[in-house]
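Assemble the whole structure, with the sequences as input and the hints as a guide.
So the sequences go chain by chain: A and B.
Note that the working numbering has the first sequence beginning at 1, numbered continuously upward.
Note that the working numbering has the second sequence beginning at 1, numbered continuously upward.
Calculated from the structure, these hints are not laboratory results.
Since no wrong hints were added, every one of them can be taken at face value.
Calculated pairs, DSBU-like style, for lysine-lysine (alpha carbon to alpha carbon, straight line, at most 35 angstroms):
| no. | chain 1 | residue 1 | chain 2 | residue 2 |
| --- | --- | --- | --- | --- |
| 1 | A | K296 | B | K27 |
| 2 | B | K107 | B | K70 |
| 3 | A | K295 | A | K172 |
| 4 | A | K118 | A | K23 |
| 5 | A | K296 | B | K107 |
| 6 | B | K27 | B | K107 |
| 7 | A | K295 | B | K107 |
| 8 | A | K267 | A | K221 |
| 9 | A | K296 | A | K172 |
| 10 | B | K70 | A | K118 |
| 11 | A | K296 | A | K118 |
| 12 | A | K23 | B | K70 |
Stretch-level coverage of chain B by chain A, calculated; a stretch enters the list once three of its residues show a Cβ under 8 angstroms from a Cβ in chain A:
| no. | region |
| --- | --- |
| 13 | 60-69 |
| 14 | 86-95 |
| 15 | 116-122 |
All C-beta atoms, glycine included, are put in the ideal place defined by N, C-alpha and C.
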Amino acid sequence: MSLRGKAAIVGAALAGCGEAHGKSSMEITIEGVHGALADAGIALGEVDAVATCQPLDMLSGLTLAQELGLNPRFTMNNRMGGSSFLSHTLWAAMLLELRLADTVLICYGSNQRTASGKLMTALGLPTYEAPYRPLFPLSSYALATDRHMTQFGTTREQLADVAVAARAWAQKNPDAFMRDPLTREDVIASRPVSDPLRVRDCCLVTDGGGAIVMRRAETAKDHPRPPVYLLGGGEGTTHRDISEMADLTVTGAAQSGRTAMDMAGVKPADIDVVQLYDAFTINVILFLEDLGFCKKGEGGAFVANGGIAPGGHLPVNTNGGGLSCVHPGMYGIFTLVEAVRQLRGDAGDRQIGSAELALAHGNGGVLSSQVTNILGTEATL
Amino acid sequence: MAGIGQGPGPDAVFAAKLAEGVFEIQKCGGCGTHVFHPRVICPACGSADLGWFAPTGRGTVYARTVVRRKPERGGDYNVVLVDLEEGVRMMSRIDGIAHDQIVAGLKVTASIGEGAEGDPAVVFRPEGEAN
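See the structure below:
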């Protein structure tokens with residue numbers, strides 16, 4: 001049995017992106033839920049399964065149900081970091097297909113910028129890494145960057161071009177947090193944090209939330225907006241701690257992408273628009289390689305000189321990504337919302353003409369969990 | 001055989017050895033795989049027959065980063081991943097060399113130094129350098 005086209009996203013919304021002064025993480029989350037339900041034309045009481053994963057609340061699924069006044073048939077609190085929400089969609093599709101639930105809500109929110117000014121996390125350093133004081137999670141990604149540069153000759157300039165492309169997309173998105181011009185030279189001259197990564201290689205610290213509502217495909221057209229169908233999904237978990245990652249140049253995206261594309265019956269060249277979790281510039285290079293958009297080791301050349309910027313050969317992170325649009329700690333939900341906007345034709349100045357197939361990809365931990373979703377319009381069913 | 005359910009777990013055993021100045025890793029009695037960090041069962045074959053032995057201490061830098069920190073807060077420090085000759089990888093620090101001289105491929109030798117809290121930790125120096 002395949003999940004291809006069995007479930008669809010019928011509502012989506014963002015909330016509190018940038019700075020949401022005076023609001024808690026759950027309040028931002030609920031604002032997103034309210035928006036997504038309105039977008040779907042669904043009453044709150046129709047929701048019978050919920051999924052979330054909040055930065056500090058280990059029982060956030062229970063908090064969510066409580067704050068919504070729901071007694072859900074299923075409450076999902078799966079925590080794999082920022083990729084969690086792209087896994088929630090797969091569980092949602094299974095519940096819907098098995099008719100164990102009829103309306104599934106997936107949501108996230110964080111006030112980390114206005115509450116703390118930095119990444120809020122419940123995680124401590126791993127036992128066998130703590131003595132050496134790596135910055136969490138930055139130094140882990142710095143080690144992966146160093147290895148990619150050593151092994152494949154990836155350059156500082158190529159890494160910078162990932163951030164420059166994100167900024168160019170952000171300049172087309174009125175909701176993006178950072179829209180000032182950014183050049184390759186600006187990135188390379190920015191403050192070093194954990195070599196070879198610099199401040200402008202790192203995602204933003206913002207507030208923000210997002211929510212989506214999923215239903216079975218058979219009723220997906222009974223809503224105000226065009227449905228976005230889940231065509232395929234896959235996961236890959238290779239480690240938790242960077243010191244346990246077998247090859248720092250190959251992520252679980254190789255497995256998650258293959259599984260998702262096999263289920264969807266598509267190949268990388270078919271994808272019109274790509275949303276990748278760009279916690280750091282190296283992520284985009286690694287994921288483009290592992291997902292099959294270019295060969296291993298050629299990601300640097302692929303992203304260089306505007307390759308993934310507006311007008312390039314592949315539109316990647318059209319909202320501006322975690323690097324320039326929004327990054328409230330766990331970014332995965334935002335890859336889904338931006339994919340929905342592109343496939344509905346709602347993306348304004350950054351709209352990719354006739355986008356029918358989108359890939360959304362989440363990353364969790366320190367390149368540890370990789371989850372890929374393939375989404376499509378009705379024409380792709 | 002180390003066995004399950006006999007005495008302290010592998011994390012505590014490793015820490016106790018380190019506190020006595022001994023750096024040991026595990027070897028699987030079932031399939032011969034070398035194992036680090038310490039585990040209850042072998043990640044290659046699932047056997048609980050994991051025994052302890054002293055590695056040669058020789059290794060090669062796999063990747064490195066330098067954490068940038070203001071001098072008044074202690075200055076820069078390096079964090080590396082080292083591949084031991086036995087085929088296992090560990091996070092560590094290289095002492096006795098300028099940070100910008102540390103590159104992948106550098107041959108290093110283990111010793112027991114101090115971790116972040118002054119606790120004993122396995123650190124490395126460039127091969128051939130006296131401690």
